[in-house]
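S.K.: Based on the provided sequences and hints, a complete structural model is requested.
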Amino acid sequence: MRLADATWPSVAQRAADGAILAVPIGATEQHGPHLPLSTDTDLAVALCERLAAIRSDVLVAPPVPYGSSGEHAGFAGTLSIGQAATELLVLELGRSAGETFRHLLFVSAHGGNTGPLARAVARLRAESRDVEVYQPRWQGDPHAGRPETAMQLALRPGVVEMDCAEPGDRRPLGEVLPLLREGGVRAVSDNGVLGDPTGANAAEGEELLTVLTVALVSQVDGWCPR
Numbered sequence: 001m002r003l004a005d006a007t008w009p010s011v012a013q014r015a016a017d018g019a020i021l022a023v024p025i026g027a028t029e030q031h032g033p034h035l036p037l038s039t040d041t042d043l044a045v046a047l048c049e050r051l052a053a054i055r056s057d058v059l060v061a062p063p064v065p066y067g068s069s070g071e072h073a074g075f076a077g078t079l080s081i082g083q084a085a086t087e088l089l090v091l092e093l094g095r096s097a098g099e100t101f102r103h104l105l106f107v108s109a110h111g112g113n114t115g116p117l118a119r120a121v122a123r124l125r126a127e128s129r130d131v132e133v134y135q136p137r138w139q140g141d142p143h144a145g146r147p148e149t150a151m152q153l154a155l156r157p158g159v160v161e162m163d164c165a166e167p168g169d170r171r172p173l174g175e176v177l178p179l180l181r182e183g184g185v186r187a188v189s190d191n192g193v194l195g196d197p198t199g200a201n202a203a204e205g206e207e208l209l210t211v212l213t214v215a216l217v218s219q220v221d222g223w224c225p226r
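Going by my numbering, the first residue of the sequence shown is number 1, and it counts up by one from there.
Please note that a few of the clues may not be correct.
[Claimed, not checked] Between beta-carbon pairs, the in silico distance windows are:
id : residue 1 : residue 2 : range
1  : 62        : 181       : 29 to 39 Å
2  : 186       : 12        : 45 to 55 Å
3  : 171       : 17        : 46 to 56 Å
4  : 157       : 218       : 23 to 33 Å
5  : 183       : 85        : 20 to 30 Å
Since the hints were made in silico from the structure, they are not lab data.
Model, not experiment: these values are computed from the prediction.
From the three backbone atoms N, C-alpha and C, an ideal C-beta is built for every residue, glycine too.
M.R.: In structure tokens:
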């Protein structure tokens, strides 16, 4: 169930029954010449909705489509609010949600949000709020490569321009990380891709989405048993 589609009395009843509010946290940033700027947000929303389809006590909040994406500066369309604003946004959103819900879940699909999210959640927990975080992880290309391309082909094939897909920097993340920290993605990849998206297909994307959903459900069940 989507929070935005409900009335306040029905939300009040669901919350009183112990509902979990799942908040998708994404970004608006470049994902190579073939994927939309909404890729991280799309993934976060999809995982929350799949969780809600399995657990009827989950309400899905409207997504947060902006985050800390400074490492993607220099690519047209990237909209970053920075680490401080991301941290404050999550903190105040959590405080507001806590007025209604006893259980709050953040699902963040953008790696650049990790630090701000961790700091905000630590503060919320210090204020005695019941908060959990899930961040999807996978083997292989870290950004706009085969895994993310495959998942978008499974989720929203109409927005993927596979005829524009091309390899970017294919070195292991550990090897390029110092360069990324110093100069952002532009320092290592002219097209914004870290990996090789060519050959990706919807079937492998659906398989990966299933794996991530199982991991999410398992984590939520351990945190807040049904």
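S.K.: Determine for every hint whether it applies to the structure shown.
M.R.: Outcome of the hint check:
1. Roughly 32 Å separates the CB atoms of residue 62 and residue 181, a value that falls within the hinted 29 to 39 Å.
2. Checking the proposed 45 to 55 Å range against residue 186 and residue 12 shows it holds: the Cβ atoms sit about 48 Å from each other.
3. Checked against the hint of 46 to 56 Å, the C-beta distance between residue 171 and residue 17 comes to roughly 50 Å, which is consistent with it.
4. The hinted range of 23 to 33 Å is satisfied by residue 157 and residue 218, whose Cβ atoms lie roughly 28 Å apart.
5. Range check, residue 183 to residue 85: Cβ separation about 22 Å, and the 20 to 30 Å hint holds.
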